[in-house]
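A.B. asks: With the hints as constraints, model all of the structure from the sequences given.
When the letters of the sequence shown are read in order and numbered with the UniProt record's numbering, they come out as residues 1 to 385.
Bear in mind the hints are in silico, worked out from the structure with no lab data behind them.
Even glycine gets a Cβ: it sits at the ideal position worked out from N, Cα and C.
Worth double-checking, as some hints may not be accurate.
As the list claims (entries may be wrong) - Across the chosen pairs, the derived CB separations fall in these ranges:
id, residue 1, residue 2, range
1, Glu27, Gly211, 44 to 52 Å
2, Ser354, Asp286, 44 to 52 Å
3, Val49, Ala278, 29 to 37 Å
4, Thr150, Arg208, 35 to 43 Å
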Amino acid sequence: MELLARTEALLGDLIAFPTVSSDSNLELIAWAANYLEGFGARCEIMSDVTGLKANLLATFGPEGNGGLVLAGHTDVVPIGEESDWSGDPFSMRERDDLLYGRGTCDMKGFIACVMALAPEIARWRLTAPVHVALTYDEEVGCFGARALVTELLGRGLRPGMVILGEPTLMNVVDGHKGCYEYTTHFCGCEGHGSAPDLGVNAASCATRYAGRLLELETALKTRAPEASPFEPPWTTLNIGRMSAGTARNVIAGLAEIEWEMRPVSFEDAAWVLAEIDAYADLLLPDMRRVTPDASIVREVIGEVAGLMPERDNRIAELACSLTGANGTEVVSFGTEAGLFQSLGTQCIVCGPGSIQQAHRPDEFVARGQLDACLTMLRGMEGALH
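C.D. replies: Have a look at this one:
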């Protein structure tokens, strides 16, 4: 009970930091580093290029490869209309064994569990390191995790196992699709609608480009792996927004398409990008016959790798034994886990709370979920001797 009470108190502290992705997370990171250093962790704060965001890597036990990473992101989504909340989103409150506040389940609940366990981790007889990794900007493209993974690669540091504590109701997840997001910009040449040959219609070019994306979307259904665990089993494409032009009688000089891809494999992602970029190259010569400055630019908003299920996943087996799960699952939402997997590390996603509560007014996590998470994390000690 003492451990759970400490977890709840820490969760309240974490919620009080309004770390919306558009704002800085430095105060939370400094607070967390100070707390973990108090129990003997070696803490390193890694700032981004703006100096307004930072990752925290805290280490217990020996240096070197192997061991376990307990990972979570510190940013939260905006609160939306405050009137949709029954109280201050950044002041945690309790009702009927549910703890309310922005980030309670996504995903400061897991971070609070990890931090509450820090005094015990400090006493574990570790023969491999335990890292606590807190990242920035997961909600807008996993930029913090990408920077952290790049740093670890540069140091030649390869953790053995990672638990990413996104809300899964404490189910053990070992797979999810990737999420690749793009905006493609089309620059043509404006003119009067009565003389289409004297301009370059960016709207027309964007429409043809969108048509090619739809063709690729259909083709992807035939590429679904035979034993794909996902639903649907193939890589999906979605055109989310298109915009172009200023008036019906003006040749559109500018256009853009916002689109995403959720690949089941790295090969699918590479194939789609090669095909759509080749199609853009086919469109450009006609555009540039009228204006040499015409362009098609595919802007990368975010490329978040999927988490691919693996055989003989030690951390998955251990987590299942500790939670009582009959096996692992796959989910439709994306996480930072695929980035950590790219290190050659075995990964799972497992944390308190439901993804159905994430990004909603009156977000909450159940007290029992926090307790279950603490039980799982405590059980990890035996794997690290």
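A.B. asks: Next step is simple, just say for each hint if it's right about the structure.
C.D. replies: Cross-check of the supplied hints:
no.: 1; hint: Glu27 - Gly211: 44 to 52 Å; verdict: holds (48 Å)
no.: 2; hint: Ser354 - Asp286: 44 to 52 Å; verdict: holds (51 Å)
no.: 3; hint: Val49 - Ala278: 29 to 37 Å; verdict: holds (33 Å)
no.: 4; hint: Thr150 - Arg208: 35 to 43 Å; verdict: holds (36 Å)
Violated hints: none; the structure is consistent with every hint.
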